[in-house]
Each structure stands twice: as C-alpha cells, then as structure tokens.
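Chain residues, written in single-letter form:
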Amino acid sequence: MVTTQLKYEPEVLEAVVIRFVGDSGDGMQLTGTQFSDTSAMFGNDIATFPNYPAEIRAPQGSLYGVSGFQVHIGSVEISTPGDEVDLLVAMNPAGLKTNLYAVKPGHTIIVDTDSFTKKNLEKAQYEANPLEDGSLSNYRVIEVAMTSMTKEALRDVEGLDNKSIVRSKNMFALGMVYWMYDRSPEHTIKFFNKKFKSAPHIIEANTKVLNTGYYFAETLELIPNAYTITKAKMIPGTYRIIMGNTATAWGFLAAAEKSGLDLFLGSYPITPASDILHEIAKHKHFGVKSIQAEDEIAGITSAIGASFAGDLAITTTSGPGLALKGEAIGLATMIELPLVIVNVQRGGPSTGLPTKTEQSDLLQALYGRNGESPVIVIAASTPANCFNFAYEAAKLSLEHMTPVILLSDGYIANGSAPWKIKSVNDMPDIKNNIIKQAKEEWHPYERNEESLARNWAIPGTPGLEHRVGGLEKDRISGNVSYIPENHEYMTKIRAEKIKRVQNYIPELTTEFADKGDLLVVGWGGTYGSLHSAVKQMNEQGIKNIGYAHFNYLNPLPKNTEAVLKQFKKIVVCELNTGQFANVLRMNFDGIKVTQFNKIQGLPFGNNELIEKFKQLLK
Amino acid sequence: METTVEKKYTYKDFESDQEVRWCPGCDDYVILRSMQRALPEMGVKREEVVFISGIGCSSRFPYYMNTYGMHGIHGRAPAIGTGIKLANPNLSVWVITGDGDAMAIGGNHFIHVLRRNIDLNIVLFNNEIYGLTKGQFSPTSVVGQKTKSSPYGNTQPPFSPGELAIGAQARFFARIGGNTPKEMTQIFIESAKFKGTSLIEVLQNCPIFNNGCYDEFTDKAVREDKQLFVEHGKPMIFGKERDKGLILSGLKLEVVTIGENGIEQEDLLVHDATEQDPTLHQMLVRLKYPMVTGIIRSFDDVTFEEREEEQITKVKANSKFRNVDDLFFSGDIYQVF
Chain A
1 MVTTQLKYEP EVLEAVVIRF VGDSGDGMQL TGTQFSDTSA MFGNDIATFP NYPAEIRAPQ
61 GSLYGVSGFQ VHIGSVEIST PGDEVDLLVA MNPAGLKTNL YAVKPGHTII VDTDSFTKKN
121 LEKAQYEANP LEDGSLSNYR VIEVAMTSMT KEALRDVEGL DNKSIVRSKN MFALGMVYWM
181 YDRSPEHTIK FFNKKFKSAP HIIEANTKVL NTGYYFAETL ELIPNAYTIT KAKMIPGTYR
241 IIMGNTATAW GFLAAAEKSG LDLFLGSYPI TPASDILHEI AKHKHFGVKS IQAEDEIAGI
301 TSAIGASFAG DLAITTTSGP GLALKGEAIG LATMIELPLV IVNVQRGGPS TGLPTKTEQS
361 DLLQALYGRN GESPVIVIAA STPANCFNFA YEAAKLSLEH MTPVILLSDG YIANGSAPWK
421 IKSVNDMPDI KNNIIKQAKE EWHPYERNEE SLARNWAIPG TPGLEHRVGG LEKDRISGNV
481 SYIPENHEYM TKIRAEKIKR VQNYIPELTT EFADKGDLLV VGWGGTYGSL HSAVKQMNEQ
541 GIKNIGYAHF NYLNPLPKNT EAVLKQFKKI VVCELNTGQF ANVLRMNFDG IKVTQFNKIQ
601 GLPFGNNELI EKFKQLLK
Chain B
1001 METTVEKKYT YKDFESDQEV RWCPGCDDYV ILRSMQRALP EMGVKREEVV FISGIGCSSR
1061 FPYYMNTYGM HGIHGRAPAI GTGIKLANPN LSVWVITGDG DAMAIGGNHF IHVLRRNIDL
1121 NIVLFNNEIY GLTKGQFSPT SVVGQKTKSS PYGNTQPPFS PGELAIGAQA RFFARIGGNT
1181 PKEMTQIFIE SAKFKGTSLI EVLQNCPIFN NGCYDEFTDK AVREDKQLFV EHGKPMIFGK
1241 ERDKGLILSG LKLEVVTIGE NGIEQEDLLV HDATEQDPTL HQMLVRLKYP MVTGIIRSFD
1301 DVTFEEREEE QITKVKANSK FRNVDDLFFS GDIYQVF
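Residue numbers (the working numbering), protein chains in the order written: chain A, 1 to 618; chain B, 1001 to 1337.
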C-alpha cells in the first residue's frame, strides 16, 4: 500500500499549511472548511483560501476542473493562507499535477491510488504514472486506496447508491488528516447530524467513513504522527470563522440596525461579489430590501432612489460593474445623497480574470467618472475587517451625505479567518443628516458648517418638498444653475467636503518601526502578506523596516506625509502596475517612492516580498 | 393612496417657483397643466408625491412641480422610481420619460419595471424625435423620416410603445393625444388609482423638430373621425356622427358603419380594459385607423411591492433572529479564554 519509506520525525509545529485538491465534485471545499473550523475551535489561528475553477462542473478528471482549498493553521498569529504547502491531499492525478509546485520539498502528499487509473492519468496529461516513475522521490508520498476502503466501510450501510458511496471518500481523507494533526472528528460528526437531519443513513455513512479514515491513519504505522499545533494566543472573546464577503454583508446589517434605517441593496450578480447579495438576501427578516435588478445600472439607480426616500442604500459589484455604475455615482455625487458602492476587485481589464484577485480598480474608484466627482474611497484589508469597513462605509456616507466606494478583492472576499464577534452595542454611533421639520428658511443645499454635509429631506416630510437632479445646483437653493462662478464654487465645495473627512478618520499608523531605512506601504487586501513578511524580518532582527497600511484612500489620512518622511526609502507594494504609488507621488511632491508589483491574479508570496525588501535595504 | 387630505389643493399648489422653459407651443405645457389639475383630485398629500425623470425635454418636468422630485440620468428613472417605491410604498411615484429615454437608452428598465408591476405611474412623452439633442430620429420615428442623423431617411423600424409594453406584461396602458387636456387629466387620475405599473403614452407634438407628426389624427378638425377614445364597458364607437365602430372579423379588427350592411350598435365590440388576455388590447394598440386612445388596458394584479412586503412579513414571523447580535452569535461560535 505504501511504497515510499518514511522517516519517523514527530514534530511540534508552530504552523502548518494544508491544501485539499480534487475534482470540482469531490467536496474539497467542504473538507477544507471542516478542517479549518475544527482547528479554529481547538484554538488555532487560521486563514483559508478556496481556489476553484470558473467552470461550474468542468469535465471530471480534467486539469482545469481541479478545485482546491488551502488552510493555514497555527499556534502563532496567522495572517495569510500561506504560500508553500506542508501537506497536499490529492484526490486525483489532475489535482496532483496542478498543485505539486506548491509542496515544500521533503513534505507530505497523500493520494487516493484508486483514482490513478490509466484514463485519469491521461486526462491529467501524465505520460507515466507519477506514483511509479520516481518523479515524487523528493516528497513523502502516502498512497492510500481511499475509494476502495470507503466502499468497503460502507458495504453494510443500507440505502446508498454507488455514487453517494464514492462521493464520501473526501471524509476518509479528512479523517486521516484529523488524526495526523491531532484533531478530534467530533465537530464534523456534529455537523453531519445537523446537516443531514432528515437522512440518518447519510449521517451514518459519513461518520463511518470519517472514523475509518481516522483509525486507518492511526493503525498505519508509517504515517508520521504527533504533529501538534498548540493553541494560539488570541484576544479572549467569542469567535466565529467568517468569509470576507459575509463579513461585508454583516457590516451593513449592523450599520442599518445601529442607524435605525432600513437597509436597501440593489445589485446584479457578478463574480466575486455575488456572495454579498446572497448573504443579504437571506436576512429579509431584518426588514432588509434586497433587489436583484435587471442590470448593474438598475442596481445602483434603484439604490439612489431608496436613498432619496431615506433608506441606507448600497450596491455591490466587481470591476466591470463599477464601470457601468460610473454615471450613477456621478449623480449621487451631484445630488449629495448617502450611498455605498462595494467593489470586490478581480483581475481586469474587461472580463479579465473573474475568479482571481487584483488591486487594479483603485484609479477607477478614485477617478472613473465624468467631470470632477470626488467620493470617499476606503478599502478593507482582511476577511474579518470587511465587517468594520462595510460599517465604516455606511457611517461615513450617512454622516457626510456622499457616495462611498468600499474596495474589497477576490482574495479577502473568499478567504476566511477567525472573527472576534462584535456586538452592535460596541460599534460607534451613526448619525445622519435627516431633517424632520420645515424651518422658516430651509434650503436643500444648506450645509453643516464643519462637515459640509447637506440636509437630507425625505419624501413624506411636509413642507420640505424639493427637487434634486444631475444638472449643476445653485449653492443654496439646489435649483438648476448655469452661473459660471456657481459651478466653480460647487466643484470646489464637493471636493472640500470629501477632503474634510480627514477630520473624522483615524491617522495613519506604522507597525514595527516608525522611522528607519525602509517603509513598506500597502493598501487593501494585501495586509496579510505584507504584514507577515515585515514581521518575519523584524523577528530576524531587522529593525530598520516599518510597515504602513492604508485603509483610507480618499481622503488620505492627514498625517500621511509626516509618516512617509520618517523613512529613507519607501516601497509601495500592490497587485497592479503602481496605481497607489502614483497617487502618493501626485499628492506629496518631493516624496520618492519605489514600487513592487505583481499582476498574476495571485497574492504576494512571503519569500518574494522578503527578498525584495532585503534588496532595498542593501 | 387612500390617505384623506384635509386641505383641498388647487393646481397652483403644484406649481414650483421655477420658470418653465419648454419651447412655445409645445404639448409639454399641456401635460404639465393636466398633471397639476389631476393631482388635487387624487387624494394624495403633496409631500407624498414624487416625480422622477431621466434625460430629455420631458425630463425637466420634476423641476416644475412643487412636490418631491429627482431629475435623474438618461433612461434610469424607472429604476430610481423602483428604489423610492420599495423604500416607501406610501408614496405616489411618477416617472416622466420620453421615447428615447424609455425605449432606447432605458429600454431595459422600461420592460423590467412593467414585468414586475411595481406601483409606478409612467408618463411617456412620445414625440417620435430627440428634441433636447436637437433633432435626431428616435426608436419611435417612422421609417424614411429625415432627421439630422438620418439625412437620407431613417432605416430603423419603430417600436410602438403600447405593443412593447403589453409584450412586457404591462397591466395598465393608456394612450392620449397631447392636445386633449381634459381626457388626459382624467387618465392621470385613473392611473393614480391603479395599483401596479401604469404606462400612459402621450402623443406629444414637438413644434420644432417634428411638427405635425400626429396631425392626421389629433388635429381638432379630424380628431373625432380618426380617433377612437375607448372607455371600459362601452361600445367601441367613434366619428363625428358617432356612426363608426369596431367589430372583430376573424382575427382582425374591422371598421364598420352603423346602419350599413345591417350593422347595428349592438354588433360593436364592447371595451373590456380589465381582461387578463391582452390579445384584443394588442390589436387596439396596433390599429392605425382609428387611432385608439383612452385606457386600453387596466388589469388588476399583485404588485411587486406587495409581494416583497408579504415575503418580509412572513420571513420576519418565522425568524429566530430579533436583531443582528442574535445572528452574529448563532451557529458555530467558540470561546477563546
């Protein structure tokens, strides 16, 4: 059964990266989620990332039909799903072929030998069986006939067809991995009992296969055991594992409850943002109005209508959809209504790489509209803080009467991590600019002296009937005005209103050093990669490197220039060709920045970052 | 809109302080005044009325109404109106649009709003031309029409708004000439009463770029002979002498004269606007002679906002979550000590 000789090297590990791969129908997402949830509940810090094909059901066994789920667990702080893999579980040859590159030499691969048939090897474009030709000699390969053992285990369970039997082999793999990493299968068995309540034979089958895999690993003396990852030191509290898109949706639910307004979502399905729509649509019990519109434009314009009528209105999309919404964002800017636009960025241009991550919509968010139409732009930086920044986007838009673009990306949107649950009671208050009664002299474009936000007079309020629209507004009455000086005044005041948001957002902080030779700068979803690279260098004794991460992109924090000036060199790291680097150059005359960019639809790897930073420090 | 109004409004209460800037002689003035006269009869409070428009000559309309209003972006007023109505179903929401706004750039929203049957009132100013951009052909311009952008004649066959609308499941469709304010006012009132999306096509003359395009059946001299103004429950009769009418001959409508070939008034079709099957309504819409005006279709159906509200009420009643904290702290949560 096992051909490769293994060394017995029981280890206590700080962290481990495991990747489950198989056919899109093999249940790899479920397997990975179960393992990460169990580890989180055990007390590890975790980060996960699913990687699945754009095709819904690609042909079985094909290279492009491989679905994967990576999880990074640790007793230390975990901020990325990890680059290189300690354990690869490959359910078929195609999974092995497409993922072998990621396995650390000398580390472990578990394969289901039953799937290494001639046909499957051909589909994976293997000329020879890699299990036999010695090409895996640099790895510890554990060969297990998972499919046949699964069949054997289920021989006596009634009511199962062959397909269901074969499909439960992922639980055999999960059982093995549970034993290898000293995890109890208990959480997963509970999950079966809840999920398949009405089908006891399915509960029995899955439990049986899971346990069979677990005991098989225990019995099989050749498996290196005693990998133990102890509990991580995390801030005490109540936690749950949350995906970025779910956290975004929940941030808006919380903002609606806190502000006392109804939540309105106008949206059109688009990868990788659709999960926000799905999540919000589930929660109509909170009175949420969630509308799947006929197109991207109707998504945002229905939200503008709802905002005019007094709802907390949002629209969710990805890059191409943001392009379609541009004109409507201009309208919301002109009529100065609260509105949140979420852009979960993906690879571009055009349809680009829908399931891959990129940060290439920054300039579109900042400038992608006709005329000068400044809006607030903020970005979430981890799956869990999508919650905070969705909440913040809603708060800023309501308090400043302006559209806010919230940037997320495919990496943090689909990734998951522990979230220390925030009660709505602990969230900051959200004020609004609603005016409920007619004053003697009331004008729609009168402004709050400090924030410059205008009043929000909602239809249904007697005496405040007024008209707004896309034509330039008179500075006070809001009536149409073509007066040249008025247009200049209004253009400037719209910019000034956004600029003054600086007075309401936190200042920029640095990590690891507040002055020194090199400042690493990032924004949005690259936080995990950049933070862990700089942290690792810091732990190696390199203390002259600091890290500044931007969540507020327009306006920039007030102290930005002062922070940048404390470092001799600045490197701006982005998953684009240098958009934020150029924003900094444009805003801060005399500050020189270098760039580190990657445009492969993938997050930064730890090693490439450290290499670059070390080179810059020379 | 069942609210009772203490104060009785007059049309003056609906005039805004903005100077009306349409070209002299434009039917838009007639529509504006008809609307201002209709509103006091609708039993709605002024603060509960919202006018939304897109872009075009017609779309300046909200600025002239002393109600809530929004001059939106080109073609999107039905979507903006949808958001407003869902946010507050108590409002009386009016969408003002034109042939280019509704059927060219806004075609998608136009058909979907009708399909959903949300309670919006859409007034479509159809002048078969682009006015504000100074004279290009529109999706309702006839083939061969010479315009600035079709100097050798338009080569694109036109939409008929009613045909398109009923094809998109419109439950309420009315058509009215731009020079008949009395009937127009009445249709606005009926439209307000109707629950669901109502579409009113106004045959609106553009005196500058398409003058006289409807003269053959809207001109005072020929109007009675060329137009059939349908009323629910009444025979389809028209003509100065009230001697012409419609009968169904096979699968086609036929114009007949009472007293000729043994035809009597009892033989004429009786208009049933409430019939669910739109076949006859479509035939009336397509007819060129006589041009059919009045409320052609008015079929009661469940509205989008009713479906949404009912769903929310039901889901609320069955939910275990009273607030978001209940949700956040539910399911797979764990403690770190």
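Read the hints as simulated data drawn from the structure, not as lab findings.
Keep in mind that the hints are not guaranteed to be accurate.
Derived EDC-like pairs: lysine to aspartate or glutamate, alpha-carbon spacing no greater than 20 Å straight-line [what the hints assert, rightly or not]: (1) A:Lys284 / B:Glu1216; (2) B:Lys1288 / B:Asp1215; (3) B:Lys1234 / B:Asp1272; (4) A:Lys282 / B:Glu1047; (5) A:Lys439 / B:Glu1047; (6) A:Lys422 / B:Asp1326; (7) A:Lys422 / B:Asp1325; (8) A:Lys284 / B:Glu1308; (9) A:Lys282 / B:Glu1309; (10) A:Lys282 / B:Asp1326; (11) B:Lys1193 / B:Glu1047; (12) B:Lys1146 / B:Asp1215; (13) A:Lys284 / B:Asp1326; (14) A:Lys439 / B:Glu1308; (15) A:Lys282 / B:Glu1306; (16) A:Lys231 / B:Asp1332; (17) B:Lys1252 / B:Glu1241; (18) A:Lys197 / B:Asp1332; (19) B:Lys1316 / B:Asp1300; (20) A:Lys194 / A:Asp182; (21) A:Lys284 / B:Asp1325.
How the hints compare with the structure:
1. Under the criterion of a C-alpha separation no larger than 20 Å, the hint pairing lysine 284 (chain A) with glutamate 1216 (chain B) is inconsistent with the structure, at around 53 Å.
2. Note on lysine 1288 (chain B) and aspartate 1215 (chain B): the hinted pairing holds, with a Cα-Cα distance of about 13 Å set against a maximum of 20 Å.
3. Between the alpha carbons of lysine 1234 (chain B) and aspartate 1272 (chain B) the distance comes to roughly 8 Å, so the proposed pair stays at or under 20 Å and holds.
4. Under the criterion of a C-alpha separation no larger than 20 Å, the hint pairing lysine 282 (chain A) with glutamate 1047 (chain B) is inconsistent with the structure, at around 33 Å.
5. For the proposed pair lysine 439 (chain A) and glutamate 1047 (chain B), the alpha carbon gap of about 15 Å is at most 20 Å, so the pair holds.
6. Using a Cα cut-off of 20 Å, the hinted pair lysine 422 (chain A) and aspartate 1326 (chain B) holds, with the two alpha carbons roughly 11 Å apart.
7. For the given pair, lysine 422 (chain A) sits about 8 Å from aspartate 1325 (chain B) by alpha-carbon distance, which is consistent with the 20 Å threshold.
8. Taking the CA atoms of lysine 284 (chain A) and glutamate 1308 (chain B), the gap is near 9 Å; set against the 20 Å cutoff, the hint holds.
9. Note on lysine 282 (chain A) and glutamate 1309 (chain B): the hinted pairing holds, with a Cα-Cα distance of about 15 Å set against a maximum of 20 Å.
10. Restraint check for lysine 282 (chain A) and aspartate 1326 (chain B): the C-alpha separation of about 14 Å stays at or below 20 Å, so the hint holds.
11. Proposed proximity of lysine 1193 (chain B) and glutamate 1047 (chain B) is supported: the alpha carbons are some 18 Å apart, at most 20 Å.
12. Of the pairs offered as hints, the one joining lysine 1146 (chain B) and aspartate 1215 (chain B) holds, with about 18 Å between alpha carbons and a cut-off of 20 Å not exceeded.
13. Restraint check for lysine 284 (chain A) and aspartate 1326 (chain B): satisfied, since their Cα atoms lie roughly 14 Å apart, inside the 20 Å limit.
14. Between the alpha carbons of lysine 439 (chain A) and glutamate 1308 (chain B) the distance comes to roughly 35 Å, so the proposed pair goes past 20 Å and is violated.
15. For the hint linking lysine 282 (chain A) to glutamate 1306 (chain B), the alpha-carbon distance of about 19 Å falls within 20 Å, and the restraint holds.
16. Annotation: proposed proximity of lysine 231 (chain A) to aspartate 1332 (chain B) holds, straight-line Cα distance about 18 Å (limit 20 Å).
17. About 24 Å separates the Cα atoms of lysine 1252 (chain B) and glutamate 1241 (chain B), which puts this hinted pair outside 20 Å; it is violated.
18. As the CA atoms of lysine 197 (chain A) and aspartate 1332 (chain B) are separated by approximately 17 Å, the hinted pair is consistent with the 20 Å bound.
19. A distance of roughly 27 Å separates the Cα atoms of lysine 1316 (chain B) and aspartate 1300 (chain B); the hinted pair therefore is violated under the 20 Å criterion.
20. For the hint linking lysine 194 (chain A) to aspartate 182 (chain A), the alpha-carbon distance of about 24 Å lies beyond 20 Å, and the restraint is violated.
21. This hinted pair checks out: lysine 284 (chain A) and aspartate 1325 (chain B) have alpha carbons roughly 15 Å apart, not beyond 20 Å.
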